[in-house]
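> These protein sequence lines are chains F and W, in that order. Going left to right, the first sequence walks through residues 1 to 352 as the numbering used here numbers them. Going left to right, the second sequence walks through residues 1 to 352 as the numbering used here numbers them.
Because the hints were derived from the structure by calculation, they are not lab data. Incorrect hints may appear among the rest.
Note that the list lumps identical chains together, so a pair holds whenever it fits in one copy or between two copies.
Said to hold, decoys possible - Cross-link-like lysine-lysine pairs, in silico, BS3-like; alpha carbons within 27 Å at most: (1) K98 to K20; (2) K272 to K156; (3) K157 to K20; (4) K33 to K294; (5) K136 to K33; (6) K272 to K125; (7) K302 to K253; (8) K98 to K33; (9) K157 to K33; (10) K208 to K294; (11) K136 to K14; (12) K214 to K272; (13) K20 to K156; (14) K14 to K302; (15) K208 to K302.
The structure presented is a predicted model; accordingly, all values stated were derived computationally and were not measured.
There are 2 protein chains.
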Amino acid sequence: MTNFQIPPLDSALKSTLQQKIDQKTKPLGALGKLEELALQIGQIQNTLTPQLTQPTMLVFAGDHGIAQSGISPYPQAVTAQMVLNFLNGGAGINVFAKQNNMQLRIVDAGVNYQFEPHPNLINAKIGMGTASFLHKPAMTQSQCEQALTIGAGLAKKEIDANCNVIAFGEMGIANTSSASCLMSVLCNVPIEQCVGRGTGLDDAGLAKKTEILKQALQYHALDAQEIMRVLVAFGGFEIAMMVGAMLGTAQHKALLLIDGFIATAALLVAAKLQPNILHYCVFAHCSGEAGHRKLLDYLGAKPLLDLEMRLGEGTGAALVYPIVQAAVNFLNDMASFASAGVSESTGVSEKI
Amino acid sequence: MTNFQIPPLDSALKSTLQQKIDQKTKPLGALGKLEELALQIGQIQNTLTPQLTQPTMLVFAGDHGIAQSGISPYPQAVTAQMVLNFLNGGAGINVFAKQNNMQLRIVDAGVNYQFEPHPNLINAKIGMGTASFLHKPAMTQSQCEQALTIGAGLAKKEIDANCNVIAFGEMGIANTSSASCLMSVLCNVPIEQCVGRGTGLDDAGLAKKTEILKQALQYHALDAQEIMRVLVAFGGFEIAMMVGAMLGTAQHKALLLIDGFIATAALLVAAKLQPNILHYCVFAHCSGEAGHRKLLDYLGAKPLLDLEMRLGEGTGAALVYPIVQAAVNFLNDMASFASAGVSESTGVSEKI
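This is chain F alone, in the form it adopts within the complex (with noise of 0.2 Å):
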């Protein structure tokens, strides 16, 4: 398996960085959040003038053993249907990542669907979709071991090609099942505090997948502990070449936006492995997804916008990609105090 060490935050540059925020023309703290982006990055890149560059979204899907269940409203053919609207643009996440000038690879980790070749897919198939987790593992040992691997590779490559901030989106019908199972073990939450209606589940069918996921989680009987075991147990695929493809970047000291539930899931898992990935996080957009506001709060994570979307795909986190920049512009572009000879405060200023 991949051997992953994130390093903490290098803060040699904190304090020059954070002068650097409080001379800019405008009240202290008077940007918020954006300056706290600011402080991130400039200690992510170690540099007083950060950049993005290259702004990659990657978009995992897999398939899910488990949805034969009738555990979401959508048969699982959707994922590759999905997949086939991203290759021809018409998605949400087409339209974000375009407007927000982000490259968007798809990456197929697993779909139940042989898909022909084409510029923006990247064939990654571990296998036709994962095994129901009812009574038996997702996948097995090995090919999570490859899911890691191949998603850090895949990571590596965007980083060597000049990238420094990676998107990370998902496909997969059922998915919000395995990640409910993943954070329920993993935060040792009860299930039914982990799952949501997913893409649109009614009140029956939410008890029915409640119900099933709990047998499940008794079935395979783990315990937070066993964070691989879990991985395996649980999937999916995309989930688990996600969790690699985090790494990796954080591995290589690029920023990592997170979207929704799902992903949220998967960073879940490499923060078990590596708690220091989290220092490299930006956290995009809190999901309509019940559960996601609770893993968030887990993992001490503060989502930049709450637009009550529950899509996935990396929509939140293409949509929030502007702000990211801004926080990167403002520390580059705007003047300080002495250089636009305004007066500063009198004294009676304090931070709030």
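Chain W: place on chain F using the hints.
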């Protein structure tokens, strides 16, 4: 005085727009607030294919006599210094407007300084700052009407030049005091719930500001029905001109992007005069300034962003622009289930 007549939204296309949104390749409602925006903008423009053209940021600047009472940690001269900073491209709003391709115009509504002509500066000076509203009205009735008329004319000029979305920002040392008094009288809320730390008052400064504003409110003893007299009493010139520009923008069916506390206070005045204006507004950001959230609640407004900013200048509105653009883009550019060949929900789906 300019005669404003703002019609309600034309709802003829509402259900067709909603149908178009629901046919996009995503679960019902999954784009959350972006769907509400698409519906609103489609109705304002009365089309299924709305476009945002020539987005323009108008930053209104003015000085306030009340600034002499020590209710801001910055000296009055900072208003003019910041206007020069805007003209030199060094302020936060310059950086964010440029990033998002918004035209930026600085309107001198009444700064206590004579500026040299500049291509981005609109000279609309009503006076060299308002009078202190401690013991007399901030402006005359005639000055107030002049400000409204000029403001409406500025909006019309932009719209005639093919702009259909106008964002509102402001600069004026002590203008949170002005906005707090407008809010207190027009919403009939005690001043303590309307004041905040502005650019950074400490506890003692906040107590002093509250006491001074309480005296001013007692002196004028106006009630919520006397809308124009309240605006005349508490000003400022930049706020009155913004009121006129907002009314003019809605009258010509352009979209309004409303930034923080002061712009929202101007909108409060406008909405008291013409309640339909609210249908044309997008609320950008919930300011860190105390009172703003309460004012938004009063207007039934839910801002899209909460980045803990409190800078003014229109910065929140500039930052929200890409999200508004994204709403228009998904409506125009996303594929439908039929066009993309994606299976729809099997029926257990519901909008959550």
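> Hint by hint, where does the structure go against what was stated? Just the numbers, ascending.
Failing hints, ascending: 3, 5, 9, 11, 13, 15.
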